[in-house]
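*Asks:* Taking the hints into account, I'd like the entire structure generated from these sequences.
2 protein chains.
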Amino acid sequence: MKLEKVKGTKDFFPEDFAIQQYIFLKFKNIAEKYGFKQVEAPAFEYMDVFRKKAGQEIDEQIFVLKKKGKEEIGLRFDLTVPMTRMYISRQKSLSKPVKWFYMTRMWRYEQPQQGRLREFYQLGVELFGSDKAEADAEIISIAIETLKSLGLTEKDFFVKINNRNLLEGLLDFIPKNKMQEVMRLIDKSEKIGKKNFELSLKDLGLDAKKVMKILETKDIKKIKPENEKAKQGLEELANVLKYLDKKYVQIDLSTARGLAYYTGTVFEIFDKKQKFRAICGGGRYDNLIENFGGSKEPATGFGLGLATLELLLEDKNLTPKIEKGPEYYIAPVNEKVYRKALEIADKLREKYSVEIDLMSRNLSNQFKYADSISAKNIIIIGEKDLAKNEVTIRDLKTGKEKKVKLNQL
Amino acid sequence: MKLEKVKGTKDFFPEDFAIQQYIFLKFKNIAEKYGFKQVEAPAFEYMDVFRKKAGQEIDEQIFVLKKKGKEEIGLRFDLTVPMTRMYISRQKSLSKPVKWFYMTRMWRYEQPQQGRLREFYQLGVELFGSDKAEADAEIISIAIETLKSLGLTEKDFFVKINNRNLLEGLLDFIPKNKMQEVMRLIDKSEKIGKKNFELSLKDLGLDAKKVMKILETKDIKKIKPENEKAKQGLEELANVLKYLDKKYVQIDLSTARGLAYYTGTVFEIFDKKQKFRAICGGGRYDNLIENFGGSKEPATGFGLGLATLELLLEDKNLTPKIEKGPEYYIAPVNEKVYRKALEIADKLREKYSVEIDLMSRNLSNQFKYADSISAKNIIIIGEKDLAKNEVTIRDLKTGKEKKVKLNQL
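Quick mapping for you: the protein sequence lines, in order, are chains Y and G.
Take the first sequence: its letters are residues 1 to 409, numbered as in the working numbering.
Take the second sequence: its letters are residues 1 to 409, numbered as in the working numbering.
Derived from the structure by calculation, the hints contain no laboratory data.
Any given hint could turn out to be false.
[Claimed, not checked] Listed next, the in silico SDA-like pairs over lysine to any residue satisfying Cα-Cα at most 20 Å (straight line):
1) G:K7 - G:F77
2) Y:K340 - Y:E390
3) Y:K66 - G:Q61
4) Y:K37 - G:S372
5) G:K96 - Y:N334
6) G:K376 - G:K336
7) Y:K247 - G:D346
8) Y:K336 - G:L241
9) G:K242 - Y:V333
10) G:K224 - G:E235
11) Y:K66 - G:E235
12) Y:K28 - Y:G305
13) G:K351 - Y:G151
14) G:K37 - Y:I373
15) G:K68 - Y:E72
16) G:K5 - G:L117
17) G:K37 - Y:E323
18) Y:K70 - G:V64
19) Y:K67 - G:G69
20) Y:K347 - G:D245
Every value quoted in this text rests on a predicted model; they were computed, and no experiment measured them.
*Replies:* What follows is the structure in structure tokens.
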């Protein structure tokens, strides 16, 4: 048996972990500045909970645990489901709006293939209790500010924004029973290409040209709503736009977010060249809480995928250089001085990161190791030096050595 | 269907998450001071990987995923297995010793019952490549320093330390084929009680009194090794003790760590009154890497359970008070001033955490909300004030109000 990781998963070695942490901390900092609080949910939920949101089909798309008793349990495929469950469990006692964020992983069952991870990480927010445009604008601002804090600018990314009421209102010539299928088609229209999209619309018996013309509108002033639903959607969209930095945002009527549960604002963030998949996606889901058995309350949120974001940062040369070496490597010349060396290490650890020999190596091998871990300084603990209450410090950048008294360390 | 979380799991609401984070950061800070690097592994591994360490029985004790193709996958039950797999995948290229830490969760299948979580978090380290006592002493020091940094003292906790070679050497009158079973019995001797322990030893046909007398020795000077294995173990133990702060450490020959793979130093940390389960457990496992198909190399590590640690902190009144409110709550008096209010919020967010009305509430309801989230100050954005380029700031502690010019915010 070869010892290997499960296909479609990723090991986070120190350098991978450090990059992820760098991004996590930027997001955490922004989210907290907006008054969001971090939460975490269990990795798994009862299947009934998932099916409430996503129907029985979800069984095929996620990892399900082998039944040992009667419990049917599956691994979470997003955080919206567990967050909504958590919210409902305290719905009555929490002051609204409730503003939560998460930085964590989830799982989807896919056949192992290149580039499609079965375990993946997302940063995200859920905002419960407000149906206002200000709430949508706030979460979109958090996504934008996060990307900006990573060094990305309006030259690198943009937000496609739309409104499901507007879209469904403009397309109200489409029979209701076909609307969900059309939303799904619109959502994948870029992936399948213009021709296939047109063919699929025709297959549904629809006027493909008419649909496509509507979707191409990029100018809010050119949108002419002809019914209540479209009017309401247009107003909602205009209100959200009022509070957003225009530099980053573009109306895109073809941004549908396939999922059935979106009810108003929907948005996606892409790299400017649209080289990668969407970095971020979200929107308003005002019916989910009620559908889950809570009292009817509005909600809005997004999820931002770590993998695509890391690709974009790499593409823009914005992946951080992670400082990895300790400030000091302590090299005792022999076992006799080890306890003294340890004392010095402990003292320096009050302020600095410090490694000490754990291999009983000779000095020359210790130097090699200190070099390999990019230590900044070596402190050599020798018997003669100690007799004079001093140690030798070598700066590994300049190669210079100096004697330092113990009480001056 | 009632919407509930899976039995034996825990939701981390903001206050729970904040306490966890407080502990995580203390540990992270200590581990990094010792030059350890944080890593993370996938939540699941192929069953073959788990069985390598724990045998076929493990299938019963963990969550196994439903097979969809040929892959047999299970949720990790500890981090030693995935870390060892990760280490082996880069064994040749890494400089030794390799020092990794983790702060993450794992899962064990248990019938739902009070107090036994099926999803739980551990802080831990693995140190690969050194067979020296200095390495064991370093990881034990990290555990001790972590607990100290949380405010715990030698009055609150202590480390029970032992050595498997010493223990097996002293018990070498026990037939080899019974040794593993005896180690398991010793490990649970406190749980099952003295009488049951004695009976179980007798059932194995052993001289129970003799075994129990050996296990009771608490003074290293009274240990008389009569064979090579015991001598070696005693020397190893003495060497580890040399580098540890005596205040925290106590020899305990009945600390066996049941698992078959421990080879030298073993230790557990308990609260002084032994009110709770072990907070931390670990030791040396010099055969696991080879057993997993790597080149033979020594390793040592520990896992520290978050749940028990939190219980102890609570018991000692050391659970931190988490500051939760934002520095400013911004209260626009009406929609007309909202954009200006948002500008002020954005500016203040460069330094502070700031919430702003997202519910189009009147002032009185905004004040109630600001109070409920423990905001420190309210900034009231009114039309008349704005005309004079100022805002009103109310300190929610003192109740005092003052006017402040916009350019002085």
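*Asks:* Hint numbers the structure violates, sorted upward?
*Replies:* 6, 11
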